[in-house]
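2 protein chains.
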Amino acid sequence: PDEAARYAIAAREATLTKPPGSLGRLEELAAWLGAWQGRERPALDRVRVVVFAGNHGVVARGVSPWPASVTAQMVANFAAGGAAINQIARVAGAGLTVVPMMDLAPTADFTVAPAMDQDAFLAAVATGHDAVEAETDLLCLGEMGIGNTTAAAALAASLYGGSGADWAGPGAGSDADGVARKARTIDAALARHAGHAGDPLALARCLGGYEMAAILGAVLAARQKRVPVVLDGFICTAAAAPLLRLNPDGLAHTVLSHRSAEAAHGVLARHLGLEPLLNLGLRLGEASGAALAVPLLRAAAACHGGMATFAEAEVSEKKVSGET
Amino acid sequence: PDEAARYAIAAREATLTKPPGSLGRLEELAAWLGAWQGRERPALDRVRVVVFAGNHGVVARGVSPWPASVTAQMVANFAAGGAAINQIARVAGAGLTVVPMMDLAPTADFTVAPAMDQDAFLAAVATGHDAVEAETDLLCLGEMGIGNTTAAAALAASLYGGSGADWAGPGAGSDADGVARKARTIDAALARHAGHAGDPLALARCLGGYEMAAILGAVLAARQKRVPVVLDGFICTAAAAPLLRLNPDGLAHTVLSHRSAEAAHGVLARHLGLEPLLNLGLRLGEASGAALAVPLLRAAAACHGGMATFAEAEVSEKKVSGET
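The listed protein sequences derive, respectively, from chains U and F. If you count by the working numbering, then the first sequence holds residues 7 to 330, one letter each, in order. If you count by the working numbering, then the second sequence holds residues 7 to 330, one letter each, in order.
Hints are computed from structural coordinates only; laboratory data are not their basis. Glycine included, C-beta positions come from ideal geometry on N, C-alpha and C.
If you want the footprint, here are the derived chain F segments under chain U, 3+ residues with CB under 8 Å:
1) 26-40
2) 76-85
3) 277-286
4) 313-324
Could you put the whole structure together from the sequences, leaning on the hints where they help?
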């Protein structure tokens with residue numbers, strides 16, 4: 007990040023016509039945006055939402071109440087403009103790109119084999135990497151993939167400990183039997199790939215998915231290009247988590263848009279030290295939460311850039327303590 | 007509210023291409039908007055932010071580190087477009103109206119007399135009432151007034167019990183001595199007007215302020231005109247609270263935009279049964295939190311109105327439990 011920009015933003019922030027600190031997290035967001043954009047006045051002219059879609063071999067284990075065919079159907083729905091993310095991206099003033107991974111061929115069932123071999127994993131990471139354009143002011147990442155709360159839970163468990171029961175939840179609508187089946191499936195996967203403990207990228211390859219590997223690649227590319235990133239919900243956060251295990255500063259260019267209704271997301275966010283901006287009971291994915299946070303960032307940038315200073319507006323400043 | 011519209015919205019919501027309930031509070035917001043607008047497809051074409059500004063005689067007691075002259079200076083800043091609310095309202099796509107109350111003459115010091123006499127209180131309520139146009143899709147209310155966290159704390163304490171120390175906080179930047187002075191001032195006011203316990207409007211008159219009475223009038227007018235309302239922070243919420251004491255359903259047409267950094271706001275919100283949409287550490291007022299919530303409502307309305315149904319998009323629905 008550009009520390010000179012961060013310093014200039016903090017200096018200007020203190021002169022704006024409001025009690026110091028009274029815009030709370032908006033002030034932090036303005037400083038964060040500007041530091042990564044390298045601008046004293048953060049701009050959000052080019053906001054991009056990228057949704058990666060992928061299928062999961064583990065769906066054969068009955069971990070989702072939805073058929074795997076829904077992934078392709080939802081990709082078509084994104085293209086036709088009929089999904090939630092189409093509406094929310096429009097409200098956010100953001101462009102939307104949908105990237106179907108590997109023609110939506112499923113990963114291997116990770117209870118019996120690594121989800122991806124080395125070549126496929128690296129190809130998926132590269133697809134995500136290439137989806138990030140340098141001329142982007144803000145990147146919102148998200149995913150679509152039937153079965154991917156199971157992959158996210160397995161990856162989170164492998165990184166932060168705990169069993170399937172600790173990380174499995176209803177996802178897109180599993181009942182209690184379904185959640186128990188997810189938990190057992192995750193436990194089987196954790197046992198199968200226990201040999202990779204301590205190797206975050208190997209865990210992402212064995213327990214993740216194509217769309218999750220692409221998110222990892224996109225977060226990495228955004229860091230290289232100094233593009234600030236808004237993460238979506240549980241799957242997106244789990245997909246990015248290996249980067250933090252590799253580098254304690256590895257997600258400093260990201261903010262977490264929201265806390266999902268999926269309980270594991272709050273747990274994972276605490277492990278990552280990410281404080282969600284919103285908490286609205288969302289559990290959809292598609293970058294819906296990430297796009298929903300964009301207007302907060304727009305407000306932060308607009309206040310920082312557009313407000314008058316005390317001097318410009320001839321507003322009296324706070325008295326120092328004891329003065330009357 | 008229009009229960010037929012609410013029913014139609016719920017019926018359509020269940021057909022949209024997402025897991026049922028996966029948009030969390032956005033689904034509730036769409037139903038709430040539509041029910042009060044009387045529309046099956048809620049619209050947000052005419053969103054209005056109204057900020058009432060008033061001065062407070064109690065400022066003479068040293069309850070604010072800011073001089074009372076800042077109220078007028080900030081009204082000028084609103085007119086010039088330099089305040090936070092100007093920027094946030096623009097991001098929200100909302101029009102902004104600022105109403106200076108009583109030429110910004112202060113109320114009486116409520117430690118020695120009622121803040122307002124009957125005529126002045128009713129005139130302020132009427133000003134707020136008249137500020138609400140029927141042709142409004144959504145109304146965001148807020149305030150500006152040096153010293154008004156003291157008035158809000160006094161009014162909240164008089165309605166819900168507790169002492170000054172329970173409800174006083176740093177407001178726009180008081181230090182510990184200042185907060186203690188506020189608490190003592192509130193205790194004096196509560197003792198002075200204890201005879202009105204159980205009469206919410208008399209408490210609003212004795213312990214509130216002109217801008218708070220106007221908010222009360224505006225919330226009332228919005229109910230009559232079936233205009234949904236977004237409440238801002240502590241002062242705005244306290245100003246509306248008497249309506250809930252008069253009628254347990256009296257704030258059903260409102261949502262609470264955010265939870266302020268002022269601790270008393272969270273306490274008051276729980277008393278009122280209002281769940282804030284945002285929690286970003288704001289403590290500015292000016293309807294800044296209310297306007298910040300508008301894009302969430304826009305997203306809710308856009309998803310409800312714009313998403314494809316499962317049938318339209320030819321997306322498979324969730325399998326019933328036990329089906330494979």
